[in-house]
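Take the sequences, apply the hints, and build the full model.
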Amino acid sequence: MVRDARERRDRSADPRAHGRRGARSERHELSTARLGAVLGASAIISVGIIAGRIAGVARDVVLARTLGIGPDADVAVLVLSFPDLLTTVLVGGAVSAVVIPDFKAAQAAGGARRLFVRMIVLVGAATGLVALAAAVGAPLFVRALGPGLAESTAARAVPLFALAAAVFPLTALAAVTTGYLQATGRFGVPAAGTLIFNATLVAAVGLFVRPGALAAVAAGALAGASLRWLSQPVAALRIRDAPGALPRRARDLAGLARRYPEALGATSAIVLVPFAARTIASFGATGDVASLTYALRIVDFPLGSFITVGSVAALPHLAELVVAHRRGEAALLLADLLRVTAALTVPVTVALVAAAGPLAALLYGRGAAGPAAVEQIGSLAAVALLSLPAQGANAAFTAVYVADRRLGTAFVINALGLIAFAVVALVAGERAGPRGIAAAYVALHWTLALVYIVDLRRARGLALASDALPGIATAALVGAAVVLPFVLVLTMVALSPAPAVAVAAAGSIAGIAGALLVTYGRTPLRSWMF
1 MVRDARERRD RSADPRAHGR RGARSERHEL STARLGAVLG ASAIISVGII
51 AGRIAGVARD VVLARTLGIG PDADVAVLVL SFPDLLTTVL VGGAVSAVVI
101 PDFKAAQAAG GARRLFVRMI VLVGAATGLV ALAAAVGAPL FVRALGPGLA
151 ESTAARAVPL FALAAAVFPL TALAAVTTGY LQATGRFGVP AAGTLIFNAT
201 LVAAVGLFVR PGALAAVAAG ALAGASLRWL SQPVAALRIR DAPGALPRRA
251 RDLAGLARRY PEALGATSAI VLVPFAARTI ASFGATGDVA SLTYALRIVD
301 FPLGSFITVG SVAALPHLAE LVVAHRRGEA ALLLADLLRV TAALTVPVTV
351 ALVAAAGPLA ALLYGRGAAG PAAVEQIGSL AAVALLSLPA QGANAAFTAV
401 YVADRRLGTA FVINALGLIA FAVVALVAGE RAGPRGIAAA YVALHWTLAL
451 VYIVDLRRAR GLALASDALP GIATAALVGA AVVLPFVLVL TMVALSPAPA
501 VAVAAAGSIA GIAGALLVTY GRTPLRSWMF
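In our numbering, the protein residues as written are 1 to 530.
Calculated from the structure, these hints are not laboratory results.
Be careful, since some hints might not be right.
Stated by the list, open to error - Each pair of labels, with its calculated beta carbon distance range:
hint, residue 1, residue 2, range
1, A215, V121, 38 to 46 angstroms
2, A155, S496, 37 to 45 angstroms
3, A203, L237, 23 to 31 angstroms
4, A372, S496, 29 to 37 angstroms
5, V121, F208, 31 to 39 angstroms
6, A215, V117, 49 to 57 angstroms
7, L517, L132, 25 to 33 angstroms
8, A420, A505, 30 to 38 angstroms
Beta carbons: idealized from backbone N, C-alpha and C, even for Gly.
Below, the structure written as structure tokens:
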């Protein structure tokens with residue numbers, strides 16, 4: 001009887017076994033109130049991410065116009081790499097993935113306020129000691145981040161790095177507070193954190209940084225991190241949350257620390273690749289670090305602003321399907337997610353690759369950056385942008401790993417990928433300069449996509465059905481075909497940077513609309529949204 005029940009459950013879980021009508025009857029539907037809450041939170045987070053990314057681009061634009069791509073720019077980028085790395089590792093998804101379940105459990109037991117206060121005290125004390133050690137060992141950290149920099153350039157970066165080390169405890173405290181706020185349904189203030197940090201840096205760089213005078217770079221990072229965190233306790237104190245039970249025991253808090261590396265591997269580890277790329281670029285010519293940083297910023301904006309939003313929205317639904325062993329429906333959801341990803345990324349990639357030069361000129365063409373520097377930034381961006389479809393797909397695959405709690409496997413895959421990238425990029429960078437590093441960046445993300453597909457099929461049977469591949473290919477081909485006339489305009493007509501970027505943007509929008517229309521027609525997207 002148990003076997004029969006399992007067979008009936010498995011047959012009903014696969015919508016392909018009973019046709020489309022049966023699939024829709026079996027699909028779990030969110031209540032109107034819950035759907036509104038999910039979409040509202042997603043909208044708030046998306047707006048905050050986009051605003052923060054725009055401020056990040058503005059930060060690099062102001063730096064490029066003030067310092068160009070010379071030694072001063074390399075120093076500034078290296079110093080800012082430390083707070084950027086902390087933001088990626090701590091304020092990114094890894095900390096939230098670890099602390100939010102614990103805050104939720106504490107709320108169920110009567111309240112999470114005491115756990116929050118206990119974590120703030122312990123995290124603040126621990127990271128404060130680490131920051132002090134980092135400040136004392138600043139020369140070693142500078143050499144680790146920029147091993148190829150000239151002695152004089154590295155020496156100038158040391159005191160600035162020591163000052164920027166104070167960002168560490170502030171960023172860690174912001175990460176814990178972000179988890180507490182999100183666990184209680186407050187998304188607005190955490191979503192604005194990156195915007196606050198980058199906007200403060202833009203003001204500091206624009207007002208006070210000049211060639212040879214870079215102290216305001218570190219001071220601006222410290223001020224931005226302070227404002228980001230101080231905006232959050234005010235919101236936390238307004239939460240009506242009971243003190244709850246006594247704080248967790250030490251071994252329970254240590255369990256959070258043990259789970260963090262796995263969560264990091266599944267959500268943020270591969271994001272460390274740009275930082276490794278900058279480190280490798282430091283072995284090249286003066287200005288290579290800055291040029292590669294500015295080029296990758298062009299890639300980062302569309303990637304973080306809207307390409308990965310679908311994966312974030314789909315994660316709770318994937319988790320429900322995987323836990324319920326409804327792998328057939330999970331595979332369909334993954335296929336839908338990949339179709340939408342192809343419809344988004346391929347048109348954007350084709351258009352931006354064609355307009356990479358004008359876009360670089362529009363962003364970085366004024367001020368201290370000369371024509372040769374702008375041309376180099378554009379050529380690097382044109383190569384790195386080819387990774388967008390793979391990065392979008394990898395975000396969908398990562399959501400499956402997180403939903404299935406296979407964080408350790410994701411950590412191993414990403415760690416091996418990071419090591420492989422470092423080796424390949426070192427060789428490619430020596431032979432082809434920063435362009436070789438950008439090519440290694442692209443190869444890494446496409447290789448990871450293939451590894452994810454193979455591993456998911458081997459371990460869980462959650463693979464793309466053969467009938468899903470034509471839909472993905474159709475979305476990609478239609479999107480590219482719609483963009484091609486716009487690309488021809490860019491190649492045949494000499495346009496100034498602003499009109500050229502406008503043509504590329506119009507082509508991207510038309511390509512996305514065409515791909516979605518041909519792929520789905522009047523059929524609403526499946527459960528990736530609902």
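Now for the hints, and whether the structure bears them out:
1. A215 with V121: 38 to 46 angstroms: violated, 31 angstroms
2. A155 with S496: 37 to 45 angstroms: holds, 42 angstroms
3. A203 with L237: 23 to 31 angstroms: Since the Cβ atoms of A203 and L237 sit about 27 angstroms apart, the hinted range of 23 to 31 angstroms holds.
4. A372 with S496: 29 to 37 angstroms: Violated, since A372 and S496 (Cβ atoms, about 19 angstroms apart) do not stay within the stated range.
5. V121 with F208: 31 to 39 angstroms: Cβ of V121 to Cβ of F208: about 34 angstroms, so the range 31 to 39 angstroms holds.
6. A215 with V117: 49 to 57 angstroms: violated, 35 angstroms
7. L517 with L132: 25 to 33 angstroms: Violated: the Cβ-Cβ distance is about 57 angstroms, outside 25 to 33 angstroms.
8. A420 with A505: 30 to 38 angstroms: holds, 35 angstroms
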